[in-house]
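Given chain A, work out where chains B, C and D should sit, using these hints.
Protein chains: 4
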Amino acid sequence: MLIGKACRFGGRVRSCVLTPLARFFVSSSNMAKSKFEYVRNFETDDTCLRNCYIVVRLDGRNFHKFAEQHKFTKPNDNRALGLMTRSARSVMEELEDIVIAYGQSDEFSFVFKRTSTWFKRRASKLMTHVASQFSSSYVFYWKEFFGEQPLLYPPGFDGRVVLYPSNRNLRDYLSWRQADCHINNLYNTVFWTLVLKGGLTTTQAEDRLKGTLAADKNEILFSEFDINYNNESALHRKGTALIWEKRDETVTKRMKLPNKEEKDVAVTRSRRRVEAYHCDIIGEQFWEEHPDILEDDNC
Amino acid sequence: MLIGKACRFGGRVRSCVLTPLARFFVSSSNMAKSKFEYVRNFETDDTCLRNCYIVVRLDGRNFHKFAEQHKFTKPNDNRALGLMTRSARSVMEELEDIVIAYGQSDEFSFVFKRTSTWFKRRASKLMTHVASQFSSSYVFYWKEFFGEQPLLYPPGFDGRVVLYPSNRNLRDYLSWRQADCHINNLYNTVFWTLVLKGGLTTTQAEDRLKGTLAADKNEILFSEFDINYNNESALHRKGTALIWEKRDETVTKRMKLPNKEEKDVAVTRSRRRVEAYHCDIIGEQFWEEHPDILEDDNC
Amino acid sequence: MLIGKACRFGGRVRSCVLTPLARFFVSSSNMAKSKFEYVRNFETDDTCLRNCYIVVRLDGRNFHKFAEQHKFTKPNDNRALGLMTRSARSVMEELEDIVIAYGQSDEFSFVFKRTSTWFKRRASKLMTHVASQFSSSYVFYWKEFFGEQPLLYPPGFDGRVVLYPSNRNLRDYLSWRQADCHINNLYNTVFWTLVLKGGLTTTQAEDRLKGTLAADKNEILFSEFDINYNNESALHRKGTALIWEKRDETVTKRMKLPNKEEKDVAVTRSRRRVEAYHCDIIGEQFWEEHPDILEDDNC
Amino acid sequence: MLIGKACRFGGRVRSCVLTPLARFFVSSSNMAKSKFEYVRNFETDDTCLRNCYIVVRLDGRNFHKFAEQHKFTKPNDNRALGLMTRSARSVMEELEDIVIAYGQSDEFSFVFKRTSTWFKRRASKLMTHVASQFSSSYVFYWKEFFGEQPLLYPPGFDGRVVLYPSNRNLRDYLSWRQADCHINNLYNTVFWTLVLKGGLTTTQAEDRLKGTLAADKNEILFSEFDINYNNESALHRKGTALIWEKRDETVTKRMKLPNKEEKDVAVTRSRRRVEAYHCDIIGEQFWEEHPDILEDDNC
Chain A
1 MLIGKACRFG GRVRSCVLTP LARFFVSSSN MAKSKFEYVR NFETDDTCLR NCYIVVRLDG
61 RNFHKFAEQH KFTKPNDNRA LGLMTRSARS VMEELEDIVI AYGQSDEFSF VFKRTSTWFK
121 RRASKLMTHV ASQFSSSYVF YWKEFFGEQP LLYPPGFDGR VVLYPSNRNL RDYLSWRQAD
181 CHINNLYNTV FWTLVLKGGL TTTQAEDRLK GTLAADKNEI LFSEFDINYN NESALHRKGT
241 ALIWEKRDET VTKRMKLPNK EEKDVAVTRS RRRVEAYHCD IIGEQFWEEH PDILEDDNC
Chain B
1 MLIGKACRFG GRVRSCVLTP LARFFVSSSN MAKSKFEYVR NFETDDTCLR NCYIVVRLDG
61 RNFHKFAEQH KFTKPNDNRA LGLMTRSARS VMEELEDIVI AYGQSDEFSF VFKRTSTWFK
121 RRASKLMTHV ASQFSSSYVF YWKEFFGEQP LLYPPGFDGR VVLYPSNRNL RDYLSWRQAD
181 CHINNLYNTV FWTLVLKGGL TTTQAEDRLK GTLAADKNEI LFSEFDINYN NESALHRKGT
241 ALIWEKRDET VTKRMKLPNK EEKDVAVTRS RRRVEAYHCD IIGEQFWEEH PDILEDDNC
Chain C
1 MLIGKACRFG GRVRSCVLTP LARFFVSSSN MAKSKFEYVR NFETDDTCLR NCYIVVRLDG
61 RNFHKFAEQH KFTKPNDNRA LGLMTRSARS VMEELEDIVI AYGQSDEFSF VFKRTSTWFK
121 RRASKLMTHV ASQFSSSYVF YWKEFFGEQP LLYPPGFDGR VVLYPSNRNL RDYLSWRQAD
181 CHINNLYNTV FWTLVLKGGL TTTQAEDRLK GTLAADKNEI LFSEFDINYN NESALHRKGT
241 ALIWEKRDET VTKRMKLPNK EEKDVAVTRS RRRVEAYHCD IIGEQFWEEH PDILEDDNC
Chain D
1 MLIGKACRFG GRVRSCVLTP LARFFVSSSN MAKSKFEYVR NFETDDTCLR NCYIVVRLDG
61 RNFHKFAEQH KFTKPNDNRA LGLMTRSARS VMEELEDIVI AYGQSDEFSF VFKRTSTWFK
121 RRASKLMTHV ASQFSSSYVF YWKEFFGEQP LLYPPGFDGR VVLYPSNRNL RDYLSWRQAD
181 CHINNLYNTV FWTLVLKGGL TTTQAEDRLK GTLAADKNEI LFSEFDINYN NESALHRKGT
241 ALIWEKRDET VTKRMKLPNK EEKDVAVTRS RRRVEAYHCD IIGEQFWEEH PDILEDDNC
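Chains as they are written, first to last, in the UniProt record's numbering: chain A, 1 to 299; chain B, 1 to 299; chain C, 1 to 299; chain D, 1 to 299.
No lab work stands behind these hints, which were simulated from the structure alone.
A portion of the hints provided could be inaccurate.
It does not matter which identical chain is used: a pair holds within one copy or between any two.
[Claimed, not checked] In silico lysine-lysine, DSS-like type, Cα no more than 27 Å apart, as pairs: (1) Lys65 / Lys256; (2) Lys210 / Lys65; (3) Lys33 / Lys125; (4) Lys33 / Lys74; (5) Lys125 / Lys113; (6) Lys210 / Lys197; (7) Lys65 / Lys143; (8) Lys253 / Lys74; (9) Lys125 / Lys65; (10) Lys65 / Lys120; (11) Lys197 / Lys120; (12) Lys120 / Lys71; (13) Lys197 / Lys246; (14) Lys143 / Lys71; (15) Lys113 / Lys33; (16) Lys113 / Lys256; (17) Lys74 / Lys143; (18) Lys260 / Lys113; (19) Lys125 / Lys197.
Just chain A, same shape as in the assembly (with noise of 0.2 Å):
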């Protein structure tokens, strides 16, 4: 023990004097901090390789019980998607650097551009920040989906960082993505249209499904309910892809002019905004029309 313990931070009682031995007691708190500051050296240094694209990708804790708690419809509850979509725009619009984020069912991904130097690129800080920030937003948020039904609890959401070298591996992981979404989505949509239309027992649905492949419940959808699967929301079927894009705004400006009169003046400027895609993220076509989201492989 460094100092006795009753004097310990500089404490004193009223009628004593500041003895030189008070003194050391007292100043002995900077000491002490400098003695414990040698903790810091056990950090270790998790900068992420440069020239890689930066993904983030969070992931709903246990949201199939947040979900049930929530009466989140089926298989889709638009409230609770367009959250996650308001969530993921706070996050876009605090941490710069984020070029693209994808997301679908509890779960959206945050991709830096491979150049950031944002948090000097270090690992944990961007994935807590983004964790953070993603979670304060969606309690903030909740209202405006939910209305006046409660928020039960605070919910919790983890994440990870992986790093891809190359825009063609870049690309794979969401299209990882989306075509998971797809197959969830294809299998959530037959699962209870056969329980809400069909009146089968959750169990019922489940056996009717055992190795189907795609074509079948497509199959199932269009011939016993006559739904073409092709026709249901875009939303739902490939998710939400949010990018940046400049839009001009033309605002209205009040200016003074050279006589001292005032004026108003329309004032066209270009805006960043975030945007919201429903569309497939597979192909070429989406990267063609937006090609400022990757940057060139060979730099």
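Positioned in the frame of chain A, the structure of chains B, C and D alone reads:
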């Protein structure tokens, strides 16, 4: 490109029969997914070294500005400190294996026991889940502490993971944070006393404190404002340590008697709950009084 | 302690019968091993990020002193450079997937192809095997280059691993090493010319060169010693690049004819072998002439 | 491309005057180097966690084949074991801070003290230097152990780094390796006794030993071949532990007396040297007898 754009993901038009080719297309989304799944191998293993304490520390992002905008009282805002502690308690109750948490100002540290296997000790999962649960709780419990004063925007926290191999190292880490609390709070107490009671401008107060030691600051408080720093709030001077404690609870239970009558019976059961301490955690006493927090070094 | 000291690991004295207890003891070493095996879990995964070039660079330890003690000629010792290259060739022939190696002075860099799965891409295995094979080869082949001059002690090299995500990054790495070779060799050439031909002391030569640019050094060589630096040995100016090349070899094989007679037949077969180049690898020409070294970026 | 190919790196032809443009070219190699130097930032920090033992273990590559080709005697070749130990001693003498090394068969583990700052605790540097020094020593000292029998090719070793936070963990690691030594050596001893003395084929010996416990193997040796395994060579049963020991050495020094005469004086000085032990390191005794190897856990 794998498959034709129009038909990707099982689309077909109403009138057409499901030809073998279509069948190929509609089932190819599964193949597509497996084609992309190689991207999973880009994830790296970030398992924390065994037999080390895992510390996750969160820090508020831009909390200086956040405090201004939400009119936090100076030098300490008890509502804000209470909300931090409430959020930390939510983290401890939600995640397993946190043996102690320590917070002060806009930071909170969470210590996982050295033998924890929560999340398979994956650093990214541990820190993002902590950051997420803390942040969603901060917004969720805002009202409990700030009442009708609105939260203006969702706040952000960033985090990091540090490993400590020995009890000494871990205690020195916690001592480092408490020494930091002391130094900052002593400074802030004198600074705001000079401004609010002494009538100095913030610049004058800053100048006055330049180069002063802890003893000098105590002296200013004592001789000029009749304040004994040691009598100031322990919450502000020592910060908040959260630990698990077993408490015996006596509850009344209605029990059926053999004669089918019912009767109220007092039942005592042991329950673990999170308790808050605002005391010195640098010295031996706290650790001697709570011997269950730390595990033996040589295990 | 698990088991009695005298009997650990199955010991027993001649006269004693193998009692059940002894049986326990003698079989307990296996149990002991499994009891300790948990320590394997302290190993961490250091798999290199996929789709990146893996570069292992070795540097001689205390080679300044080593060169002195073994009387290396100044400014370059062709025997020493030859031995480095021979050792590097041994590494390339022993390990799979090295597509190019570049060496100069007492360093050598080895580039594994971006899709390599050698050693499951484990960084520690890759770099230690390279360091080991290079070092044992250096001693093994010493005599081929230094003849009867004895090697006084076993030399040491240290190594590191660096990942490069794009062809541009990898080429810039190799350019960096070759630019380093040029700068050092130009300096050393002028320095030792001033000393050996110009009669300066080493201190005088050092002073003379302080602050000079490449142009100044060329000028000294040219105007004072009639040396055109560009005519100096390419090995010294450019270092050594080792790559795999396919060569057609014609060998004579004795074959049996249908009539059971034998006949010598010339057979041409393609063989891969390591070739050394002492040329510019910064510009495009080398890479255009050897298009197989690098893989396409967007894969 | 930065600069013209012909002039890169300061070249110029004899007749031409050094024009400003040429001056640009000849000085541009330095600029070129700085242009490429960004590639250094792709190196990642691999500092070992503080206050942990750093273990580097080397394993022979393809030593089964190496042993065959160099006609190692079965089941143990004392020359080969001696050479391993000699090489390990060379590593200990060359690198700082190795407190104990343990070897058996074709592997050797080196333990750096927990407070070591050698190579700034950079894992890559530590393990490659160990691998390099060991491998060059293996070839260098070959003759001392194998005399005129030639080394046919340079052998390879691979290595890894593992961290252990507590004395218990470290001792369990060493116990694990010694238990492994015991199990393998017992098996090999019986196997080769069955083959060389019992006249079994290797396949027959293998079958005979399938499913046997340590006790069974001891029994075979004892009852069939009159061999008490415990009397076998400790080197083979226990492997080799290398530690530093202080020894008092008495040397004779010639000293000048005040009367200017000279006289031989016996001087005792303490010298550290590496000593080899072939004893149990699993139990307490070894560690009690050498209390300086391990540092206190709680530091």
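Open item on the list: Under the constraints set out in the numbered hints, which ones does this structure not fulfil?
Closed with: Checked against the structure, the hints that fail are numbers 1, 8, 11, 12, 13, 16, 18, 19, while the rest are satisfied.
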